[in-house]
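Can you make the complete structure from the sequences, with help from the hints?
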Amino acid sequence: MEGAESLLNPIRLAQSSLVVPVRTKKRLILPPRVKTKYTTPEEQKEKMRASGIVIPHEKLERSITLACTASIFDPYIPPEGDARLSSLSKETLKQRAVQLKQSTISQLAIRKVKQYDPNFSSKTFPEMAQKIFIEAHDCLTNFNKDKLHSLVTERCYPEMVRGNRYKTIRWSFVESLEPPRTVQIRHFTMMNKDNLYGQVTVRMHTRQTVVIYDQFGRLMYGAEDVPKDVLEYVVFERHLVNPYSSWRLHGKIVPSWAPPKDPTY
Amino acid sequence: MYTGSSREIIGKWEKKNRVVYPPQLPGEPRRPAVIYHCRREIKYSKDKMWYLATLIKGMSIDQALAQLQFNDKKGAKVIREVLLEAQELAVTKYNVEFKSNLYIAKSLTGKGQYLKKIRYHGRGKFGIMEKVRCHYFVKLVEGPPPPPEPPKTGFDQAKEYVQQLRNRTIINAL
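If you read the protein sequences in the order shown, they are chains A and B. Heads up: the first sequence begins at 1 in full-length UniProt numbering, then just goes up one per residue. Heads up: the second sequence begins at 1 in full-length UniProt numbering, then just goes up one per residue.
For the record, the hints were derived by calculation from the structure and aren't laboratory data. This structure is a prediction, so every number in the text was calculated from the model and none was measured. Hints are not guaranteed to be accurate.
[To be verified] Pairwise CB distance ranges, derived in the manner of DEER restraints:
id : chain 1 : residue 1 : chain 2 : residue 2 : range
1  : B       : R39       : A       : R162      : 20 to 28 Å
2  : B       : L89       : A       : R49       : 46 to 54 Å
3  : A       : R162      : B       : K159      : 54 to 62 Å
[As the list claims (entries may be wrong)] With a straight-line cut-off of 25 Å between C-alpha atoms, the simulated BS3-like cross-links for lysine-lysine are:
id : chain 1 : residue 1 : chain 2 : residue 2
4  : A       : K47       : A       : K59
5  : A       : K167      : A       : K145
6  : A       : K35       : B       : K117
7  : A       : K167      : B       : K99
We put the beta carbon where it would ideally sit given N, CA and C, even for glycine.
Dropping the structure here:
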């Protein structure tokens, strides 16, 4: 039995390759060949075919999974003067808000989303959305890349993270001035008809503090402990067909009438 | 067309740019930005490059660029390119406000990888020719260039001499 085991030893199957150490110096650049019979790759191919050397043609195929869409489809156009004290009465504003929610496309989209995710409700979703928003920004400050990938889509991640590698960011969420509201829901298909993605725009009016220091510790943007009122239209996305997907931050819509940003130092 | 192999090892000089300082308190003076830049495997001798490196040591970047522009050496063109690259990096990446507000704190050369070739002499003799390459390193700091040290006057030397005499201790005495 022991003899049989030694016969089955896989080392015997391995080719006996003698590694002969050849004394060569590591050359940086090879000198040009003097007697070259063929130079162009076409001639080289013909010669190889004639001599009988066959190189199997490897198919370079790699499957890609699209977990998020490339942009915000059908972006929400926020009405002008949304967070300003206008001469309109409160009632008309409320009416307008209700109208936006009840638009037909949004209703269709809600129905589609509920097909795949029965727990979805446009009334409870904004709170969850705000939590994801706060968590994502906290991960940004701590540079917790793994958690950030799960909270933010691949399209939004480079936008958030570019240029921040050697900077110190301090962000804190003070309070929410108005409760967050779902403003628009859309659903889209990519590639096939079955590949469904859902995008929800949430309107958030909040108070936040942001300070960014550059690589040398110098103040670049914002000021410590100075809360600012921010009106944002944040887009969340989910790959509906995938049962293990979750709602993730996809992007922000900055209206053209927004107040100008502070200057960077 | 064959080109030299690219360096896989990231050198120590490039890694110096990765230091992140903690945020400064509001009362502290503003820390000057520091930019480390280098070019590797320049086809030039390190000894010949050294003359140019010491020429621009301590100068402001504008003065250095001007001096190198009108210098006839081959290395001057290379160093000028390196300085312009470093200036670009400073403005875009390292949050430097004014591109002229930089001075050259350190300017060094180092030996690159050499190739060996045979040079044939008469009478069957040969020599081994070295194809020489060098690296060039530069450290730019934000701010006006520091004033040059005043030359040592005779009075200073005399003061030092007197101080040395005063520092003597007499052993085994009261």
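Q | Hinted pair K167 (chain A) and K145 (chain A), Cα distance within 25 Å | A | Since the Cα atoms of K167 (chain A) and K145 (chain A) sit roughly 15 Å apart, the hinted pair holds (cutoff 25 Å).
**Q.** Cβ separation of L89 (chain B) and R49 (chain A), checked against the hinted range 46 to 54 Å
**A.** Holds, at about 50 Å.
Q. Do the alpha carbons of K47 (chain A) and K59 (chain A) lie within 25 Å of each other, as the hint requires?
A. Holds - the C-alpha atoms of K59 (chain A) and K47 (chain A) are around 23 Å apart, at most 25 Å.
Q.
Can you confirm whether the C-alpha distance between K167 (chain A) and K99 (chain B) stays at or below 25 Å?
A. Holds. K167 (chain A) to K99 (chain B) sits at ~21 Å (cutoff 25 Å).
(Q) Holds or violated: the 20 to 28 Å window for the beta-carbon distance between R39 (chain B) and R162 (chain A)? (A) Given about 26 Å between the Cβ atoms, the range holds.
Q. Is the gap between the beta carbons of R162 (chain A) and K159 (chain B) within 54 to 62 Å?
A. holds (58 Å)
Q) Given the hint that K35 (chain A) pairs with K117 (chain B), does the C-alpha gap stay at or below 25 Å? A) holds (20 Å)
The structure is consistent with each of the numbered hints, conforming to all of them.
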